[in-house]
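Can you make the complete structure from the sequences, with help from the hints?
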Amino acid sequence: MATQLKIKVNEREWTVAAAPETPLLYVLSNELQLHGPRFGCGLAQCGSCSVLVNGVETRSCVTPVASVQGKAVTTLEGLPAWYAAQKKLPQAPALHPVQQALIDEQAVQCGYCFNGMIIKASELLSKTPQPSEMQIRLAMNGHLCRCGTYPRILKAIQRASKAMTGVAR
Amino acid sequence: MIPRRDFLKTGGALLIGFSFRETLPAQQTRGATAGPPDAKQIDTWLAIHPDNTATVYIGFAELGQGSSTSLLQIAAEELDMEMSQIKTVRLDTNVTPNQGGTYSSASIQRGGPQLRTAAAEARLALLQLASKQLDAPVERLTVSKGVVSVAGSPQRSVNYGQLIGGKLFQLPFTGSAPVKSPAEYNVVGTSVPRNDIPDKVSGRYTYMQHARVPGMLHARVVRPRGQRAYGAGAKVLAVDESSIHGIPGARVLRKGDFLGVAAESEWDAVRAAQQLKVTWDNTPTLPSNAGLYEQMRAAKPTDRVVLERGDVAAARERAAHVVTQGYRGPYQAHAPFAPNCALAEVTADSALVMCSTQDVYGTRNGLARVLGLPVEKIRVQYYEGSGTYGHSCYDDVAQGAALLSQLAAKPVRLQFMRWDEHGWDNYGPAHVGEAMAAADAQGKLVAYEYQGWHHNWSAVETSAQLALGIPATPWNAGAAQQVSPANCGGMYDVPNLRLVNHQIPSNDYLKGGWLRSPLDLSFSFASEQTIDELAYRLEMDAYLFRQRNIKDARWLGVLDAVARAANWTPRRAASNRSDAKVVTGRGIGLGTHLVSYGAAVAEIEVNRETGRVVAKHLYGAMDAGLAVNPGFIENQISGQLVQTASRMFKEEVTFSTTNVTSLDWNSYPILRFEESPEVTAVVVQRLDQRSTGAGEEVMAAAAAAIGNAFFDATGVRMQEYPLTPKRVLAALARG
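So the sequences go chain by chain: A and B. Here the first sequence is numbered in numbering that gives the first Met the number 0, starting from 0 and rising by one per residue. Here the second sequence is numbered in numbering that gives the first Met the number 0, starting from 0 and rising by one per residue.
In short, the hints are calculated from the structure, not lab data. Careful, some of the hints might be misleading.
[Unchecked claim] Examples of chain B residues lying across from chain A (beta carbon under 7 Å, computed):
hint, residue
1, LYS131
2, PHE172
3, GLY188
4, PRO192
5, ASN194
6, GLU265
7, ALA337
8, GLN642
9, GLU673
Small disclaimer: the values here were computed from a predicted structure and weren't measured. Built from N, CA and C at the ideal position, the CB exists for glycine as well.
Listed below in structure tokens is the structure:
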């Protein structure tokens with residue numbers, strides 16, 4: 000049965016009516032009409048529905064909406080602001096550096112997996128600002144891409160790492 | 000007609016889509032009637048707006064390949080406008096022209112010339128208008144950024160928007176206007192960035208899966224987990240509707256054996272589909288993986304000699320070296336990253352269907368049949384989904400959504416679940432190939448033969464088959480379902496050649512459909528390994544042997560380009576083997592899909608203890624004639640190489656005698672980040688050649704290169720892919 004739940008998404012409080020066990024993804028897509036997290040498998044296998052919950056990459060397709068009450072959910076749409084808060088920037092940039100790097104590398108094909116790729120890469124770079132190639136591959140291994148854009152995503156993450164740390168590598 | 004205004008009446012941000020008032024201020028009537036718009040009118044192809052911008056109407060779908068940008072480059076070039084001045088609109092059977100579907104890498108190949116001549120003709124008409132206004136002959140006019148000025152007097156100028164903005168050309172499209180020569184190109188041939196990428200990375204892009212309309216129901220289909228044989232369909236024996244009574248919002252919708260559930264809440268629909276108790280006819284109808292290839296070879300085929308020249312048998316008799324080998328390739332799935340989705344509103348006499356079809360007009364025909372409505376009462380709009388790579392379930396889901404909307408008398412959004420898409424795909428068909436190549440003692444190819452067995456694609460969508468009992472029939476034969484001269488020996492200068500296609504009946508097998516580079520990976524894996532083996536027997540280097548036996552300058556061009564990129568140093572294959580646990584190898588291969596030219600080199604690692612094979616570096620060279628946007632082709636080559644690695648190492652549809660059993664990413668694994676190869680993409684630019692396809696033309700070459708690299712590493716020929724650890728260990732044990 001649907002109940003009133005309060006959730007915090009992209010720094011905003013929402014009251015939604017949903018059965019508590021409803022996967023967070025359906026609430027984000029249908030009640031909040033967000034385009035970042037998206038349906039891919041419903042099985043936590045592919046990563047297209049990923050969001051950050053308290054800064055940790057989480058598969059929203061298998062996460063009950065009730066379980067994120069009291070936590071901070073960040074979607075692709077809120078990523079630049081999340082980044083600004085982390086870096087204590089006076090205002091949010093238009094794009095997270097990972098997003099900009101993906102444009103610079105023209106890494107995208109169909110782009111459907113990029114929600115998860117960007118969320119995961121942002122999480123990685125927040126914890127490990129200068130990851131090795133192997134660290135990137137391992138961190139990203141749970142995110143699938145059907146178009147085969149892995150090589151360019153790898154380059155883009157390396158580029159974003161440089162941009163964020165200001166270090167020539 | 001659908002009351003479009005009502006349909007679009009939005010409840011705030013709920014409706015995702017576009018309104019014609021926003022995109023076409025000048026032509027509010029465009030879209031009011033069923034298309035296709037008349038291809039012989041200039042207005043069908045483009046419109047000039049008062050602000051001196053243009054809208055170009057194209058019939059090809061953006062699938063992540065960049066065609067919605069590169070086709071605009073062609074228009075911008077001929078119109079002498081900047082890319083920033085030109086946009087396009089969503090594909091829509093009421094709005095955009097019918098250029099045929101977006102398959103066979105056709106966007107630039109077929110769409111480019113049409114658009115180029117239409118834009119050139121529009122420009123000429125604009126110059127004639129400007130000539131009157133500026134009182135100067137057309138020959139003295141120049142154009143830059145859509146501003147026409149008189150040569151030598153730049154102050155005498157007028158822009159396109161002032162000339163015709165918001166008005167129709169009302170001119171026939173004759174195709175007679177001269178187009179630019181490649182030497183004059185400023186925009187074509189350059190790697191401008193893609194239009195769609197910024198929105199795709201920011202989360203602003205509207206994929207099909209995002210589309211919603213007010214008052215709609217969420218729906219799911221209910222089918223057996225994994226399809227049976229194509230001819231058997233699925234048969235409902237009993238439905239227990241009480242099994243979902245605990246979900247008050249959900250209802251069962253049924254027509255024949257087509258079964259679905261719908262609810263206002265998406266989660267209710269998902270739960271209801273999982274809980275609904277259905278008894279299905281479970282009679283075995285499939286050969287299972289274990290019996291597949293044997294059953295295919297035992298089937299009674301329809302034989303066709305695709306190509307024959309000289310006397311193969313006599314030449315083979317005289318040859319110094321003869322290699323005969325048999326190869327097998329599995330069913331593989333499109334497995335789009337997002338399962339297909341469609342949204343339909345069907346009324347008693349009309350239908351609007353939004354879906355991710357690669358061919359809006361083809362999909363409209365199928366919907367007319369299923370709904371029992373005339374085509375002109377149906378409107379199909381394209382929303383990009385995830386990459387489909389061919390005929391995934393986009394038609395099936397569109398028909399399913401339309402049927403459910405008809406049954407519910409409400410708009411219905413049907414989202415396939417992962418197992419629906421994986422389990423009810425139109426798989427790329429399995430293939431058995433037997434190749435023979437023969438050479439004289441000097442290493443000159445003297446005879447070549449290829450015989451291939453496979454079934455055709457399926458012509459009936461599952462939704463239609465189950466709902467209406469339409470009998471399963473095969474797709475009519477076409478070049479892409481035949482043994483392909485482009486992959487089977489056609490690149491070689493060989494006087495005696497014979498290609499035979501054995502089409503087996505399709506109803507006892509899985510549903511088939513065109514999967515990116517259809518059959519080509521199997522053809523090339525077989526053919527190019529046979530050629531490689533012949534070079535090996537001759538104790539010749541694989542690259543030099545090919546070079547010696549090719550006359551065609553364009554095949555030689557890609558072969559040389561890839562060898563250069565990979566720093567290929569000649570030696571006999573398998574001459575660098577070692578006894579180490581992990582061994583390395585390199586291989587070269589040629590191949591394409593009907594048109595264009597592809598060559599690849601693979602550098603791989605084989606773990607002889609675990610059987611794990613990893614591509615370390617893949618190189619691909621492609622000649623697709625005039626490369627309108629070389630950067631996009633590089634991205635295509637890169638993606639094709641990685642996807643080929645996935646298909647050669649990981650992908651195989653599994654099935655028992657009753658059902659397909661590969662239903663998700665665990666049971667149908669694809670290549671992951673950790674195993675992704677380094678890639679090198681080489682675009683062979685041919686300004687003087689017409690543009691041909693680039694979306695799938697290096698995969699066959701890469702498949703062959705991988706097979707040949709395995710032999711180089713181990714001295715063993717893999718005769719069946721994917722090269723899974725189990726299969727590799729078995730092959731190594733056989734030696």
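Violations among the numbered hints, reported as their numbers in ascending order = 1, 2, 3 and 5
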